[in-house]
Amino acid sequence: MVNFTEQDELFKRIGKMLSQKIEVYLIGGSAMLHFRAKAITKDIDVVTTSEKDLELLKKALLLLGFSIKDPFVHIKYQKIDVTKPIFLIFGEMRIDIFCKRILDTTLSETMKNRIIASYEYHNLVAHIVSPEDIILLKSVTEREGDRVDAKSLIQNYNIKWDILIEEATHQTELGELLFIVFLDDFLHELKEDLHADIPREVLKNIRKLAEHVLIEHFAREKKHAKKMSAKTDKRKSRSRQ
Amino acid sequence: MAKEIEGIHTVGTLAQERGISRRTAINYLSLLRKKGYVQQIKGGKKRLYKVSPLLLRTEGNPGLEETINAHSPMKLAVPRLIRLKGRKLSVEDAIVEAVKTGDYRIIIAAIPLFNAVKDWLRLSRRSEEEQVSNRVGAMYELARTMVRTRRMDKRVMRRLQKQRKKQKRMAHLIKGVYKDREFQGIGKKWGVVIGLRKADLMRLKEW
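Those protein sequences? They're chains A and B, same order as listed. For the first sequence, counting from 1, position 56 maps to 56 in this note's numbering; every step adds exactly one. For the second sequence, counting from 1, position 129 maps to 129 in this note's numbering; every step adds exactly one.
By construction, these hints were calculated from the structure, which means they are not laboratory data. Nothing here was measured: the structure is a model prediction, and the numbers come from that model. For each residue, glycine too, the CB sits at the ideal point set by N, CA and C. Treat the hints with caution; some may be incorrect.
[To be verified] To give a feel for the contact side, a few chain A residues facing chain B, derived at Cβ under 8 angstroms:
(1) His-34
(2) Lys-38
(3) Ile-40
(4) Lys-112
(5) Ile-115
(6) Glu-120
(7) His-122
(8) Tyr-157
(9) Trp-161
So that you can see chain B by itself, here it is in the shape it has in the complex:
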């Protein structure tokens, strides 16, 4: 059954396609959902159901995109199922991983995560391990200009700034973007080419 109706449906489209009543379509979706073949996607006014015969194993903890989606109003499309076994991605880890990707959409979506940070020291330690302290610091200051964030501890701020003194060249927040048009003050302070504009960050306010 899941193979025959594979795809994205509403109750109405499924009933129409299969020539069945709405009630029967709801029953089919309910049965398939209990077996794990159906995933509900939040649509606008109507509920969307994604039916797939592939019963992927979901044991483990969610990956980067799903962790960001849990805390950010701007949702990322998850390219495929990613599961972490043996570790859980915290908000602090997710910020560091997002910065490491250098991907435009992931970084913008990860900005609101600074409002969910509980352990600033963990954030600074992870940033130091991955050598992205200055980028994380720059991203925090960017976040402060646009969205509500928790205040970073001053000691943690000083710790993140240590990397600025060690580096010789400017780091890049967004891969492939080598020039700063706005936020140059933040860029100079942290030794990072921000590569984003206010208009890019305004997207966060739209959601």
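Only chain A is shown next, with the shape it has when bound in the complex:
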């Protein structure tokens, strides 16, 4: 468990240890610490924008005494192509480092443009993502704590739902087809189980989008399957001749 002061101190040490300036994006609980939406977080979630930055950050953390642990990825992602984070641990502190993608979500340019604050710790520049993007990124996990966090964000802040829907569409355009399906599930669970105040229109729009994306996806799969079977039939007939 990490509070803001411990996180702040850690970033200062990382900033001094880094040999070059790097920019990272804080998501999840560590971002919520920066606008006092939470007092403590289980882990620090960091997204880098390049492999080079990831290696520099990893090197700095290893020099500070952190050790690498095998990442735990939820069973629903084990057969899907997702970007697994690098887990680094030091005592009670855990840092999860992602590179450009967070499981099956891309850290898009629109998300980067919506950042609400930046903090510079020597060579480390940490950008804080907006509450809307925190909710979006929490929809891809299966942790109960993340549902509670999302509900508290909805309760305490004016969430711009149109941005949420826009970003969900954008993620689909970036090729993250499953994202909208998981988001739809997530928001419905929040509404039904935790009684979060989510407008009905928003749930309707996201459900429509998810259905549309799935229908298109299966139609494409069917076409592709037909083409492949036609090709194999041709090959078989040629080989018989």
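The hints should help you fit chain B onto chain A, whose structure is shown.
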């Protein structure tokens, strides 16, 4: 409460929106301000209050835009909260950072900062580190034509000019602007395409 009244208000608009008296509206704003949810923005005749439920942590030192705003009559819109931890941006650092951005509005707003420079040697050292000596020198001469500035030490001037001899191509003060229409004399002296006109710098006199 901060979530319900989020946005920019005057006392009058808040009272009208919430159906409360002016006195009550003032009390609400005062209470929220003590907790950090309200930021006062200087309006024209009336005071504007920006209410946000996001209680961002403001520990640390201000970033580039805020540092420029503290010394320049031309104020920049701050895109988001930027805080520096472990270092403070001096006027000299701010000039160098502004030149590095190559942004039109940041550079024009940073021109009056030459009147607040105390340590010319620091300015020249930082400019050399970031390899923007000639651009800083060109910006200083531009500043001299339009606004009141402190005089740069001749030794520092010669030091800044050293980069001119080393470079092969013209540098650009403003990103994306490759042609000089005015201030060509200054441009040639420093090996920099200024990209600004007198009309652009006249904006400084309007404030």
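Supplied contact hint for A/Trp-161, tested at 8 angstroms Cβ to chain B: 15 angstroms, violated
Chain B contact restraint for A/His-122 - C-beta distance below 8 angstroms: Since chain B brings a Cβ to about 6 angstroms from A/His-122, closer than 8 angstroms, the hint holds.
Hint check, A/Glu-120 versus chain B [nearest Cβ-Cβ separation less than 8 angstroms]: This interface hint holds because 5 angstroms falls under the 8 angstroms limit.
Agreement of hint A/Lys-38 with chain B interface, Cβ distance less than 8 angstroms: 12 angstroms, violated
A/Tyr-157 as an interface hint toward chain B, with CB separation required under 8 angstroms: 5 angstroms, holds
Cut-off 8 angstroms, beta-carbon criterion: hint that A/His-34 touches chain B: 6 angstroms, holds
When the least beta-carbon distance from A/Ile-115 to chain B is tested against 8 angstroms, hint result: Since chain B brings a Cβ to about 6 angstroms from A/Ile-115, closer than 8 angstroms, the hint holds.
Status of the A/Lys-112 interface restraint (C-beta, 8 angstroms, chain B): 12 angstroms, violated
Chain B contact restraint on A/Ile-40 - CB to CB distance below 8 angstroms: Because about 15 angstroms separates A/Ile-40 from the closest Cβ in chain B, which is outside the 8 angstroms limit, the hint is violated.
In this structure, the earlier hints numbered 2, 3, 4, 9 are contradicted, and the remaining ones agree with it.
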